[in-house]
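Undergrad: The hints should help you fit chain B onto chain A, whose structure is shown.
Residues per chain are reported as follows:
2 protein chains.
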Amino acid sequence: MNKDYLRFKEITEEHLLDFLPDVDSKSMTVYESMKYSLTAGGKRLRPALLLGACEFCNGHVSNSITYACAIEYIHTYSLIHDDLPAMDDDDLRRGIATNHKVFGEAIAILAGDGLLTSAFEAMNKDMLIYFDDPVRLKKRVRASFEIAKGAGCRGMVAGQAADIEAEGKTCSMEMLDYIHINKTADMIIAAVRAGAHLGEAEPETLDRLTDYAENLGLAFQIADDILDVTGQEEEMGKKKGVDAQKNKATYPALYGIERSRQKVSELTDEAIEILSPYYDNAEFFTTLIKDLEDRTK
Amino acid sequence: MNKDYLRFKEITEEHLLDFLPDVDSKSMTVYESMKYSLTAGGKRLRPALLLGACEFCNGHVSNSITYACAIEYIHTYSLIHDDLPAMDDDDLRRGIATNHKVFGEAIAILAGDGLLTSAFEAMNKDMLIYFDDPVRLKKRVRASFEIAKGAGCRGMVAGQAADIEAEGKTCSMEMLDYIHINKTADMIIAAVRAGAHLGEAEPETLDRLTDYAENLGLAFQIADDILDVTGQEEEMGKKKGVDAQKNKATYPALYGIERSRQKVSELTDEAIEILSPYYDNAEFFTTLIKDLEDRTK
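In order, the protein sequences belong to chains A and B. Just so it is clear: in the first sequence, position 202 is 202 by my numbering, and no numbers are missing. Just so it is clear: in the second sequence, position 262 is 262 by my numbering, and no numbers are missing.
Just chain A, with the same shape it has in the complex (with noise of 0.2 Å):
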């Protein structure tokens, strides 16, 4: 059990609106929508690792909320436009009906367009209020710009480009990492250093997150491509074997559940080693990626 990650998880449910525009009652539709996506659970880990990383580096939670959220803000977007038509087409995420299927498709775009600015609308307005407060203002725009890097056409738009490009074509083992890296692992790395520089982030420190933050996102995708195969569609919330049945390359089809289960337990070794000058510090990291493999065997 992994305390700190529920500690982070429920400060970001519990403030996770709290940086939407207010809208007026014209706009009730598309707010709704983006509301909807936003609260229908998830495991909430970006905002949690930022949040773990600004703590780590001796910050304050309290200040970094709004970072928190705006990174789950970018990820739910990335969710709803993942599963239109155009794109994933799936009907379900985490167990209730995807945004589309509820709103239609017009406003699920523009829902998730709407949650991407409101991201940096509100990472802005932050910046606002520490105006006269060089310190603090500049660990904001170093915070606002990893996580613009992170969910760009350098990451994980890129990575989402690629993934449908591949589907239903042979993929090589290095497009197959280009997509992981770009698609999950960006933002997980850049949610880490946002936090980081929330913080008071050394840059070995910076680092060391940022190598571990690789290796997690790996893991996390390559853990979600076997629970695809493996896992308890309720528990998951989702059809499984989808994967396989859109011909998506992954690291189980490529090769097989052993060596994919094999690749997570590395990657989390090799993790763990990366935060051991931590030793007991580090702890919700650590846990947080054991707790990930454990859920693949």
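To be clear, the hints were calculated from the coordinates, so they are not data collected in a lab. Errors might be hidden in some of the hints.
Stated by the list, open to error - Distance condition first, Cα-Cα at most 25 Å in a straight line; then the derived SDA-like pairs of lysine to any residue: (1) 125/B to 202/A; (2) 248/B to 104/A; (3) 138/A to 135/B; (4) 263/B to 276/B; (5) 169/B to 105/A; (6) 125/B to 130/A; (7) 101/B to 104/A; (8) 138/B to 200/A; (9) 26/B to 211/A; (10) 138/A to 128/B; (11) 101/A to 248/A; (12) 169/B to 23/A; (13) 248/B to 102/A; (14) 246/A to 105/B; (15) 138/A to 257/B; (16) 169/B to 102/A; (17) 125/A to 206/B; (18) 26/B to 173/A; (19) 101/A to 87/B; (20) 35/A to 167/B; (21) 138/A to 35/B; (22) 26/B to 87/A; (23) 35/A to 6/A; (24) 248/A to 23/B; (25) 35/B to 87/A; (26) 246/B to 85/A; (27) 125/B to 181/A.
TA: Below, chain B without anything else, positioned relative to chain A:
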């Protein structure tokens, strides 16, 4: 002829691709898709307004190009998403095939997402350049916030959503104004305010420019709707009569062409009056709205 407008348009087009992240060969398709829509022509109204407002407020255009391009990225993303089959379902934009007609829906959605994210990535990166110059850093934070607010779900996204929802229904005058203000005027206001912040805007000047931009935004949308009825297809680069066919809420549909023209004239006169304290110094702005009015005649 508005020489300043042409100058701002040229500067924008010269630098328009400079602020996209360097992508590798695996992300070429989504990059090509973004580039396709960015370089497909267009009035470059929003960046010209941003640069014009910056110069009007004694700022240097050369320091504001990032923001001018960022606002054009956001405008371009909104057009790509707006043209999608689930939204306006348009095949032609500026005389050439719409993005999804060339690259498919999935890549078009991602190209829009990529452009929106790149806008904020570019502005954030620019903030990092001025990291140790608090005065310039603050101007940039303010400019970026204006753009985020104008593009978000109290601005452009709200307008798009209301526009989609109003389709095929009887639309009240109040709702029509709401759509126009949010969908079009808010980004025009954001462009002018961002530019003013990047210069040295006095509060009164900022207020007057904001009022001017609100008039321009409304006049611009009404003019666009008039031209959809009366314009030359070749000149517009798209089919005419589309609004009526889709039962879109427009000024001409609600008030007729003559009253719509009159409304554009009223807004134009008012906008010129707002900027009258600046005499000829405001020529860029006054000529711009006057030229727009002339096109509707």
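Undergrad: Give a verdict on every hint.
TA: Results of checking the hints against the structure:
no. : hint           : verdict
1   : 125/B to 202/A : 21 Å, holds
2   : 248/B to 104/A : 18 Å, holds
3   : 138/A to 135/B : 13 Å, holds
4   : 263/B to 276/B : 20 Å, holds
5   : 169/B to 105/A : 19 Å, holds
6   : 125/B to 130/A : 19 Å, holds
7   : 101/B to 104/A : 21 Å, holds
8   : 138/B to 200/A : 22 Å, holds
9   : 26/B to 211/A  : 23 Å, holds
10  : 138/A to 128/B : 8 Å, holds
11  : 101/A to 248/A : 22 Å, holds
12  : 169/B to 23/A  : 22 Å, holds
13  : 248/B to 102/A : 23 Å, holds
14  : 246/A to 105/B : 17 Å, holds
15  : 138/A to 257/B : 52 Å, violated
16  : 169/B to 102/A : 20 Å, holds
17  : 125/A to 206/B : 19 Å, holds
18  : 26/B to 173/A  : 13 Å, holds
19  : 101/A to 87/B  : 15 Å, holds
20  : 35/A to 167/B  : 23 Å, holds
21  : 138/A to 35/B  : 31 Å, violated
22  : 26/B to 87/A   : 18 Å, holds
23  : 35/A to 6/A    : 21 Å, holds
24  : 248/A to 23/B  : 23 Å, holds
25  : 35/B to 87/A   : 21 Å, holds
26  : 246/B to 85/A  : 23 Å, holds
27  : 125/B to 181/A : 22 Å, holds
The structure shown violates the earlier hints numbered 15 and 21.
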